[in-house]
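Novice: Listed here are the chains, written in short residue letters.
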Amino acid sequence: MLMWLGFPIIVIFSCKKETETPEPIIEDKEPTPVTWIKPAHFPDPVYDMSRNPLTEEGVELGRFLFYDGILSRTNQIGCGTCHQQVAAFTHHGHELSHGVDDLLGTRNSPAVQNLAWNPSFFWDGGVHDLDLLPFNPIENPVEMGEKVQNVITKLKSTPVANAKKPVDYPAMFKKAFGTEEINSERMMKALSQFMLTMVSANSKYDYYVKGDVTAFKAQEKEGLVLFKNKCSSCHSGELFTDFSFRNNGLVPIKVNDQGRFAVTGTETDKYKFKVPSLRNAGLTAPYMHDGRYRTLEEVLDHYSDSIHSSATLDPIFIKSDGKTGIALTAAEKQSIVAFLRTLSDEQFVKDAKLSDPGVGTSF
Amino acid sequence: MKSLFTFCAYLFAGAFILTLSACSDSEPSPTAASGITLEFDNVVGDKNLVLSGPSNTNAFGEDFVITKFNYFISNIKLLRSDGTSHVIPQDSSYFLIQEDNKESQFIKLKNVPVGDYSGVEFMVGVDSLRSTSPIEKRKGVLDPGGTMEDGMYWAWNSGYIFLKMEGTSSKATSANGKFYYHIGLFGGFDTKTVNNTRIVKLEFGSSKASVTAEEVPEVHLLVDALKVFNGPGTNLSIAQNNTVMSQQAAKSQEIANNYAKMFTLDHIHN
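So the sequences go chain by chain: A and B.
The first sequence begins at 32 in the numbering used here and counts up one residue at a time.
The second sequence begins at 10 in the numbering used here and counts up one residue at a time.
Incorrect hints may appear among the rest.
Stated by the list, open to error - Ranges of calculated distance between the beta carbons of each label pair, as one might list FRET restraints:
id, chain 1, residue 1, chain 2, residue 2, range
1, B, Pro122, A, Ser81, 46 to 56 Å
2, A, Thr299, B, Lys210, 28 to 38 Å
3, A, Trp67, B, Pro98, 54 to 64 Å
4, B, Arg89, A, Pro76, 42 to 52 Å
5, A, Lys259, B, Ser94, 55 to 65 Å
6, B, Lys56, A, Asn181, 32 to 42 Å
7, B, Ala184, A, Pro76, 53 to 63 Å
Just so you know, these hints were derived from the structure itself, not from any lab.
Idealized CB from N, CA, C, for every residue including glycine.
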């Protein structure tokens, strides 16, 4: 009986042996999974983390890649150069950002925060997948001015002895992904892992909305009510944006940036830009897609007094009498600004886990 | 006991057959699938295309010299005269033809069932599904950070450039005397855009591509870059349209209608 059963098993084994090479023995430990926790009052994220499960090693690799100037042609400009933590990952004080060789861009650096919820990226929504986002700044000639393929080549030849802080990327990729192979999928997924951890949900507003009524002063409460009435049709929900593209009545500047139109080619999309989240708005000056307004007060003055009428102006800015703008008194504006400042998340901008590991630059 | 014995006998017989077939999979078999090669031979009118080579003339009488000519071929189907077809598996069906890379001009399809093929169908460009797929589905020529020659991908507006034709002309209106045609747009991710993918169907007429166990036929296609200028979609003038990229959707559609007609069968080596 045993003979009958045993014989075919031996045959199968001998057949397999000839066609397969033995698997290498993996001695290194598996990466440690990270439990990504959704803030209770936030909606479900858009990013599918099952495709790219977060690990401590992957997030850490992503943090190094985020800050390291090696991503740029000059090895000087990292993501963190124009997305500085102290300013909620914007380019503090810069209307437009300067990349490699001080070349100037045409749009204001947006906050890198809560990206897990973004259905599209950039002011024009030209990129729809977080994993595809970094190709844009890396390859934009006035941002990092580099080719991703060349970044991969450079990463493979690390550690570089004369680097600001020598980093052994092949070793880090091995820890995060099991082997030293560096390719664009791994590079982008590591960057995504880190960026997915950049969650801002611990502002004064968040404490208030979660039940701590003492967190808000009277003016801030008034501001919240006014905000809900006057602003929240676009800056809606807990992310403070509906992620739509709208023309908010800005007079086009010299560069005549037509926003969303560049992506869709649809006439009705001319001069439309993405409604930005207002989280950390108090930290992300200057404002608008071209950084034209220095303060939140100037922004509110725009909405009350300076809406420029054009064919694609969002109808929400047209009042019943045909005039444009949102009716706001000076006192109301002050209350709204007071409320907006409650969206500043001090924990987020000081979180050591999100900070430069010593490879970054800021100009 | 008898039934147990019978069961074991069947088990043995079954395992033995399984073992045989598992072993024979790795051996070449007389009825196993073979291959077919599609050559994309780029020409200008009746002349071979030579990058930075001799000057040519379009329908507007404008002189031009092509310096770059790349395009994506995807979603290949081999057609049979009985109306059936062999579809190349999706993951193996994306190719980037580059005039400056001879090897890229020969699409070597493997595991093609033995038989006679009467035509071929393919897409110029990258279909919307693959254009919006996650990064792990973007390998080889589709890897935006891979070996893709000098950018057949719009990083700022996630999408592939289906056809890139650049060159010089005395009629160019640009500062450097060059013209640039970068045609892409797959239909849009969430907002509809124009769709410049084009399906090309070429019947081989009286010719056949006969795939046998021993023979890999070579289907020699001519791809006429002049048709990008002179076509049914539009007659493209360098002076009037020096540069067409993603911002001139209507014009890019006309050019796509042109490149849909630039492929012809020259001959088949069986």
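Novice: Hint by hint, note whether the structure agrees.
Specialist: Okay, the hints, checked on the actual structure:
Separation of proline 122/B from serine 81/A is about 36 Å and departs from the stated range, judged on CB atoms against 46 to 56 Å. Taking 28 to 38 Å as the suggested C-beta distance range, the pair threonine 299/A and lysine 210/B conforms, at roughly 35 Å. About 35 Å separates the C-beta atoms of tryptophan 67/A and proline 98/B, a value inconsistent with the hinted range of 54 to 64 Å. Range check, arginine 89/B to proline 76/A: about 48 Å between beta-carbon atoms, so the 42 to 52 Å window is met.
A beta carbon spacing of about 59 Å between lysine 259/A and serine 94/B agrees with the range 55 to 65 Å that was offered as a hint. For the pair lysine 56/B and asparagine 181/A, the beta carbons lie near 36 Å from each other, so the given range of 32 to 42 Å is met. For the pair alanine 184/B and proline 76/A, the supplied restraint of 53 to 63 Å is violated, since their beta-carbon distance comes to about 46 Å.
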